[in-house]
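Assemble chain B onto chain A, guided by the hints.
Below, each chain spelled out in residue letters.
2 protein chains.
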Amino acid sequence: MPPSFLLQNGITLAIALSVVGLVFAFILIKKVVGADAGNEKMAAIASAIQQGAKAYLNRQVMAVSLIAVVVFAAVWWLRGGLTAAGFVVGAVCSLAAGYIGMMIAVRANVRTAQAASVSSHSALKVAFNGGAVTGLLVVALGLLSVGVFFLIVRGSVDHAKHAIDSLVGLALGSSLISVFARLGGGIYTKAADVGADLVGKNEQNLNEDDPRNPATIADNVGDNVGDCAGMAADVFETYAVSLIGGVLVGHLTVGTEAAVVYPFVLCGLAIIASLIGIGWVNFIKQEATASLVCGVAVSGIVASGLFWWATQSIFPAGLKIGELAVSNVNLFYCAAVGLVMTLLVVWITNYYTSTHHKPVRLIAKASETGPATNIIAGISIGNQATLLPVLAIAAAIWGCYDLAGLYGIAIAVVSMLSLSGIVISLDAFGPITDNAGGIAVMAGLPESVRKITDELDAVGNTMKAVTKGYAIASAGLAAMVLFGSYVEDLQDFVGHKVAFDLMDHRVVIGMFIGGLLPFLFTSFCMSAVGNAAGAVVREVRRQITAKPGILTGSDIPDYAQCVDIVTKAALGQMIVPALLPLIFVIAVSFLGMEALGGVLIGTIVTGLFVGISMTSAGGAWDNAKKFIEEGNHGGKGSFAHQAAVTGDTVGDPYKDTAGPAVNPMIKVVNILAILIIPIAFKAVVK
Amino acid sequence: MPPSFLLQNGITLAIALSVVGLVFAFILIKKVVGADAGNEKMAAIASAIQQGAKAYLNRQVMAVSLIAVVVFAAVWWLRGGLTAAGFVVGAVCSLAAGYIGMMIAVRANVRTAQAASVSSHSALKVAFNGGAVTGLLVVALGLLSVGVFFLIVRGSVDHAKHAIDSLVGLALGSSLISVFARLGGGIYTKAADVGADLVGKNEQNLNEDDPRNPATIADNVGDNVGDCAGMAADVFETYAVSLIGGVLVGHLTVGTEAAVVYPFVLCGLAIIASLIGIGWVNFIKQEATASLVCGVAVSGIVASGLFWWATQSIFPAGLKIGELAVSNVNLFYCAAVGLVMTLLVVWITNYYTSTHHKPVRLIAKASETGPATNIIAGISIGNQATLLPVLAIAAAIWGCYDLAGLYGIAIAVVSMLSLSGIVISLDAFGPITDNAGGIAVMAGLPESVRKITDELDAVGNTMKAVTKGYAIASAGLAAMVLFGSYVEDLQDFVGHKVAFDLMDHRVVIGMFIGGLLPFLFTSFCMSAVGNAAGAVVREVRRQITAKPGILTGSDIPDYAQCVDIVTKAALGQMIVPALLPLIFVIAVSFLGMEALGGVLIGTIVTGLFVGISMTSAGGAWDNAKKFIEEGNHGGKGSFAHQAAVTGDTVGDPYKDTAGPAVNPMIKVVNILAILIIPIAFKAVVK
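As you go down the protein sequences, you meet chains A and B in turn. One rule links them: number in this note's numbering = place in the first sequence (from 1) + 3. One rule links them: number in this note's numbering = place in the second sequence (from 1) + 3.
Hint data in this document are derived by calculation from the structure and do not stem from the laboratory. Note that the structure is predicted; figures quoted are calculated from it, not measured. It is possible that some hints are incorrect.
Any copy, or any two copies together, can satisfy a pair, since identical chains are not distinguished.
What the hints assert, rightly or not - With a straight-line cut-off of 30 Å between C-alpha atoms, the simulated DSS-like cross-links for lysine-lysine are: (1) 639 - 204; (2) 571 - 44; (3) 454 - 57; (4) 685 - 550; (5) 571 - 361; (6) 34 - 550; (7) 57 - 204; (8) 33 - 685; (9) 33 - 57; (10) 34 - 57; (11) 454 - 204; (12) 33 - 204; (13) 361 - 323; (14) 34 - 204; (15) 44 - 361; (16) 204 - 44; (17) 323 - 571; (18) 500 - 204; (19) 685 - 323; (20) 639 - 685.
Here chain A stands alone, though its shape is the one from the complex (with noise of 0.2 Å):
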């Protein structure tokens, strides 16, 4: 194949690797679909819950819906009727991805339960197909939606640099529903679980996942609209804004087609080796996180030598980026800092939230002298998590600039984030096994059923734990990318150079204002959380109350009731945090570019300490819960069990609330403080 090939058919090849995507999701969807789903009960239970999942979502989809438009008109208005296309695309693709995922994987739970009655692996193995639906989705049709979009508006408009502007609508879109699926999701599974635990756990003394407690269905609703669809639309997000951010940069700072196109093929490339990954854990038999972690390295392994390859090809004399000449070894190795920063960071938060590791067991041992040790343990194991990440994150900038400017950082990002297909499939095989084990309980299946789904949900929690690393750690590495959109675009619209220099008291306002960001809006979900789990508790005990034989088995509880008050509860929280970024931006644009430019870094330095340190003092505090368990300490029912379960609760809305819902708001700042700029610097034009 001659050395231009790749470079001249790049976007459509990366096109035709995403159908490949689509084509093997749908595979997977016959076969898990196909998969024995059980008895009658099994299906009873597994329907109530698809039931309440699919009512959440359409829900949800109607009321964002509403919002969605004054934005579409906003957009339409401000840059055009192909940035407001650009915009429903990314949010109809981010929409997708989280539903369909989600209803792939109310099907897998049962047939998880069922499967695991044969045998341990096609327990894992049907989970983990149910999982890798969605992650072959978000790629696929992240990188389909970005590849065609960008080829239609590049045909039909002038000029290259509009079309890849109207990519920021695209953006937009992705991010402002999924920082609703994360806000929405996340406090409806944790009002759930936190409801349910109070009253069922603490009240009534009834196991996790007990028939007899109404909030139950509701809990394992909770898993799917938020663990699942959440995360689903948060990655998606990730994954297009990373592309968009590596096309942009490559058109801004280097401005040759080979630039624009390899982003694309790296994404495009990237799918191979997450279905080769997806391929492994199918056909080679091992333990389970051994099995899991192997296909996530054959994945990075294939990556690493088609990247190889696409970069040999497409930049065959190296590239130049103003005076800077690069050579394209140089440009490999930062695509290569993107893998590595892929398995530092599975590392790390594996180190900090696995219960073989030191951090989980000093947050157990603190529990031996109650909940406060406890807490003050697993906040401060919490903020400690930040110090990896972070000095990776910077090492990683400064030898990607120095490789290749911005372009470098850029091209981090989109190799960290192409292989987000596998990394997607351990996490939703999280939520699955969770389930899973619900329908075992309900059902009344054999106890060396839930003895398996144990094991797995288990395994699932910490590698939950990395995909929230993941998301968040990716945005810190994109900040110089997407602070470097808007500088770009901002001195392309008013016509000369603008500087942002911390002398300046403008900026440095503007990076307090952002850094306020992130607290409050955590502040705001905190509390969400625990107002709509009080509105669960105060419906249980009423249903307990109005009929006690709820309690002795002999009554069935209304669980549509409950799954009704948390849907409701859920949406009603979600409105207030989510328009905190729009509010921000849009104040803070009345202080001037400078201000606004300060706001983007803001956000960025204090939401990645924020996100790091809840996302893992979170995970961290449910496996020291779990190694008690495990008859450590004293074991289940312990005094330092009691005081674990506190831990964990605390840490519930933390690692699925707050935690992980400060990437997409981060995001949403950045992309809507590009989309302002015509209309709020109109006046600085020269």
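Coordinates of chain B only, in the frame set by chain A:
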């Protein structure tokens, strides 16, 4: 008096007024020590607390001296003898303010208990005057040392710049002592408190201050070494650094004698205002809170009048800053902003931490569903509490910069800190009444005495939260000033302009690493308290097991052993976090001056939020418990109360160890950065 009088004699006048402050401090000391010290039993308890506090502080001085000698040698080598001399003056004065203040506090406590058997107002007066000693010492020693040192060094070298430079040594000396005092004292007080509570309240069902608890004396010692000595060193440092910052910026950006004299004069006049406020509390009989708040308000009103006069006298025709002409009215507005900020911080902190407002009541309500929801609510409130202070800081920076540039901000900071004398009096009042209550219980004084000390203690709780907010908010306001000093000094050294643009990846990397510091630092602080408290728990359990008669009252516990263990643990645990800023600054200096500049701003941005959210959440948790103890949500002993006790314990290291230590840590980073310029960036000089 001719308008030039103040200009020519301003520094001398300021020094004279600082001597007046010292004289009044000694009058108050005589007054406090001369009060009735109660019966023999009370004297014995008070003496045990005194011995413990003195022993701890002596050992802390020894430990810090070792490090100080190394730093002293390094400063001498880097910056010469004068700066090293400044370092010694700063360190000694910072220590002295804390030491003397604490020695009075441990005498005022027993006298407050005795006065409480006379009347509430007598007790208030003794406690307040004991606190006022520390307040006056801090401002008088601060102003005296900076003023005298400035006059001496200015006479001894040719260039005024060198004189001001060596003041940086003084700032470093006070900051270094302050970070150790805040950390060591903070770890001590909370380890003793948490340790005593964990065994005493949770395991043995003993009340607070029960003499059968072997850790009870250590707990009372902790109030003095942490809340009194540690706080005094902290505010001394903040005061001295603000004054030096004002002088530095006056010299560098305005360059006239008037601009250098003005900050000294403001500080001197504020001592008069503080003395009048102290007189108000002593001579006007009011309800406790009203009396204290009026005292501050009176000081503020008097200060604003004096500041108006001083501004008119020193700048009869305004001043010129570069091209900018600033009227004296505008400069006065900057000073007024500082006074208003003080009142705002008092008001905001009071809103978030007093039992009369919504935030504390929300936490109390959340306690009904257990410790987890109490913690979630507290963290949410803590994060939310950053909103108003940060907006106020942003507005103040914006306004002062518009009025008079960087000098305007510096003046606002000086003015804000100039009222430290009266603000500290309120703060040091807290531990004295807390101790008085302890002594009343241990000495078996009648219930009515305990009732009075309890009421005063509740007032003291909110007042204590105020000073912490005040110190950290002033650091936020001073951010531009501190950073500006680094940049000016750096440019002076390298001989050309240095830009710190957010598009420079080194600046962003620096900000990430700087932003990491407060998270890592507080992580160490939290685990230090956990570790030291664990040592206390083991010792108390050991004593109770060895001598079961302790619980029945037939055996006397070995208080001294507990005091000794906390002392060793606190000193051992403070070293690593105290050295963190040193390590970070030196390590990042290898990445260049742009990265180091980023570190300074990054540390302030995240530090401001971490500091405010931790101190606010801690104060709110404490008072939520108090609110329940007043009989709400089930009152003392209820399920909600138990939950609130957990929240309070988590809040202990938040508000008294980690949160307040962030402020001196930020300062150490900033001052160290200035000091290492000549060695770190030698290669860059053109």
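Consistency of the hints with the structure:
{"no.": "1", "hint": "639 - 204", "in the structure": "both (12 Å within a copy, 24 Å between copies)"}
{"no.": "2", "hint": "571 - 44", "in the structure": "within (28 Å within a copy, 63 Å between copies)"}
{"no.": "3", "hint": "454 - 57", "in the structure": "within (29 Å within a copy, 59 Å between copies)"}
{"no.": "4", "hint": "685 - 550", "in the structure": "neither (64 Å within a copy, 80 Å between copies)"}
{"no.": "5", "hint": "571 - 361", "in the structure": "between (41 Å within a copy, 25 Å between copies)"}
{"no.": "6", "hint": "34 - 550", "in the structure": "neither (42 Å within a copy, 70 Å between copies)"}
{"no.": "7", "hint": "57 - 204", "in the structure": "within (27 Å within a copy, 49 Å between copies)"}
{"no.": "8", "hint": "33 - 685", "in the structure": "neither (53 Å within a copy, 68 Å between copies)"}
{"no.": "9", "hint": "33 - 57", "in the structure": "within (20 Å within a copy, 76 Å between copies)"}
{"no.": "10", "hint": "34 - 57", "in the structure": "within (22 Å within a copy, 75 Å between copies)"}
{"no.": "11", "hint": "454 - 204", "in the structure": "within (20 Å within a copy, 40 Å between copies)"}
{"no.": "12", "hint": "33 - 204", "in the structure": "neither (38 Å within a copy, 60 Å between copies)"}
{"no.": "13", "hint": "361 - 323", "in the structure": "neither (47 Å within a copy, 60 Å between copies)"}
{"no.": "14", "hint": "34 - 204", "in the structure": "neither (37 Å within a copy, 59 Å between copies)"}
{"no.": "15", "hint": "44 - 361", "in the structure": "neither (42 Å within a copy, 48 Å between copies)"}
{"no.": "16", "hint": "204 - 44", "in the structure": "within (24 Å within a copy, 49 Å between copies)"}
{"no.": "17", "hint": "323 - 571", "in the structure": "neither (55 Å within a copy, 61 Å between copies)"}
{"no.": "18", "hint": "500 - 204", "in the structure": "neither (61 Å within a copy, 64 Å between copies)"}
{"no.": "19", "hint": "685 - 323", "in the structure": "neither (33 Å within a copy, 33 Å between copies)"}
{"no.": "20", "hint": "639 - 685", "in the structure": "neither (64 Å within a copy, 61 Å between copies)"}
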